[in-house]
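Engineer: Sequences are here, hints too, so could you generate the full structure?
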Amino acid sequence: MNATGKVDLSVRIGGLTLRNPVMPASGTFAEGLEKVMDFNRLGAFVTKTITRELRAGNPLPRVVERPGGLINAIGIPSKGVPYFIEHTMPHYAAYDTPLVVSISAPTAEGFASLAAELSIPGIAAIEANISCPNIEEDGKAFAMRPESTEKVTRELRKATKLPLWVKLTPNTGDVPEVARAAEAAGADAVVVANTILSMAIDLKSFKPCLGNIMGGLSGPAIKPIVLRQVFQCAKAVKIPVIGCGGISTADDAVEYMLAGASAVQVGTATFLQPAAMTTIIDGLEAFCLRREIPRVAELIRGVVIEEADEPDLAWLDPVS
Amino acid sequence: MSIQHDQSQAARSGAAIAGAVCSSAPWKASVVAELAEVVRNEAVNAEYRHLVVNCSEAAAAAQPGQFFQLLCPQPAGEQPFLRRPMSLYGADPEKRQVEFLYKVTGAGTRGLDTLQPGDRLDIMGPLGVGFTLDPDWRHIVAVGRGAGLATLAPLARAAKANGTQVTAIFSARRPELLVSVELFHRHGADVIAVTDAEQTSGPANVERILRRQIAEGRCDAFFTCGSSRLMRVQQRLAREFGLPGQVAMEQQMACGIGLCYCCVRDFNVNGEIVNRRVCWDGPVFDLMEALP
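Residue numbers (my numbering), protein chains in the order written: chain A, 1 to 320; chain P, 1 to 292.
Pairwise CB distance ranges, derived in the manner of DEER restraints:
| id | chain 1 | residue 1 | chain 2 | residue 2 | range |
| --- | --- | --- | --- | --- | --- |
| 1 | A | 86 | P | 117 | 50 to 60 Å |
| 2 | A | 139 | P | 46 | 49 to 59 Å |
| 3 | A | 235 | P | 271 | 52 to 62 Å |
| 4 | A | 117 | P | 229 | 43 to 53 Å |
| 5 | P | 229 | A | 138 | 37 to 47 Å |
| 6 | A | 82 | P | 29 | 27 to 37 Å |
| 7 | A | 67 | P | 273 | 29 to 39 Å |
| 8 | P | 176 | A | 203 | 29 to 39 Å |
| 9 | P | 37 | A | 177 | 52 to 62 Å |
| 10 | P | 271 | A | 59 | 17 to 27 Å |
| 11 | A | 207 | P | 196 | 22 to 32 Å |
| 12 | P | 200 | A | 93 | 54 to 64 Å |
| 13 | A | 307 | P | 27 | 44 to 54 Å |
| 14 | A | 12 | P | 27 | 24 to 34 Å |
What the hints contain is simulated information worked out from the structure, not anything from laboratory work.
We treat Cβ as the ideally placed atom computed from N, Cα and C, and that holds for glycine.
Structural biologist: Given below as structure tokens:
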């Protein structure tokens, strides 16, 4: 506890100090949430992913629920860069909260030019959503392989001096190796992870439930999977890992931080409880007070693993 | 008159920015999720159930056409994950109650079906842009079918308070499935029921009824919900006679507060096709901009 008896909730993420480790996951946050929570309480803002081109998004239906989660194929509708600078940015300028802009592009060069164009006052960091299809690699997502991750991150690094967060996909066999590639190419942090590729079929029509056939699963259903990936990535890299996957409560956030996350992103939980992020911030403080932890940052990588308890991954999963 | 949703949207955002800049004023939530207490949950006919809950002052201030996101209890063997959007059926600021009318169709409504008086239900709202009544309108027409009748219901009371007469044209498969009729009668509205069973619900007959209303000077504006076919009839008449109109639209939703872009629909805005979020830009839209 500091002199005022308060817990220090601040964390450092790749060149930025956040007042607390809680921020929205890209795509689950918009100006409308200011009716629900005080934006000055958030650790950071993370925008919906913006692209250079105007994008309409996917055909409907765009979401389907399953027990413990939500499958979405929204398709990144985007109004482009000028709209973002003219209309979206001024909105967030009224708050004392760092603005992280999520970007996406179909090529490494496209990512770089977008990052350069958005390296302007008012933007605190760039989050590169490299889980999108890379048209130079048959539509395979950049973050599926270390090589394409390294290439796009290197181009991004050359294009911007802003803190660079690279958002990885959970849909690849070796996420820690991809995280290492991002770190080697100059990323300041990695966000682990994105939604898990999935599918649902309607038993009346025999048709896929989503207009896009497949989509990304999010929500409590994916938490244990992504938590494991955060744990592995935090062991693989020295840069901060930002955890993102099924976090709905302060306990979930603590678990992620113990696994190695320096901060957490909250997405689907906001759809169920719109004030989820501020509830989690309050809960983190209460947790630290209860456990007499003066600085929330002390939780990061705090999982206790005895040497004899090393997991036998080879036995769990033959491919790793 | 046409409703400028984009303007109202900008006005809402502007107010919020002003609030944020003025940092000395403590921030206050205008949308909250709360645990409401179930007062009544009973069948009103073979299909629909009437749910009444005690709630906060803010929730009870809901306006006609707005909606709530309900976190439905889990029925046996099912796990509805998302909230369910439910249009407002009635709001009583004095009693601090809101009412909903629902048909049991899926996991969420099967969950609602289990609620007993005294149970708690997590409601979030009021949400979205509702109906607008121009003080100059002397007589409006409300045209609804199916669940749309529930959405139009709060208009009866609001129109009466506005000094506006209402003719309600209500459509259903069978007469016994009509809802809201008593409620509209209670507020002094004329109700014309049309049904499939009596073969009176076809668009041609509804158009005949509407033309008579217009000819008698009893239609300053159209209000509609629940039928694309009937919406098209009203759009045609609105264009022919230069009348305004509003339509409450439905779409599958996830967040209900404009974040996820799952509930978008196409709108024709001066010849240009524009994508709008039903939960945030609506659910009530200008009749002439709506596409079926």
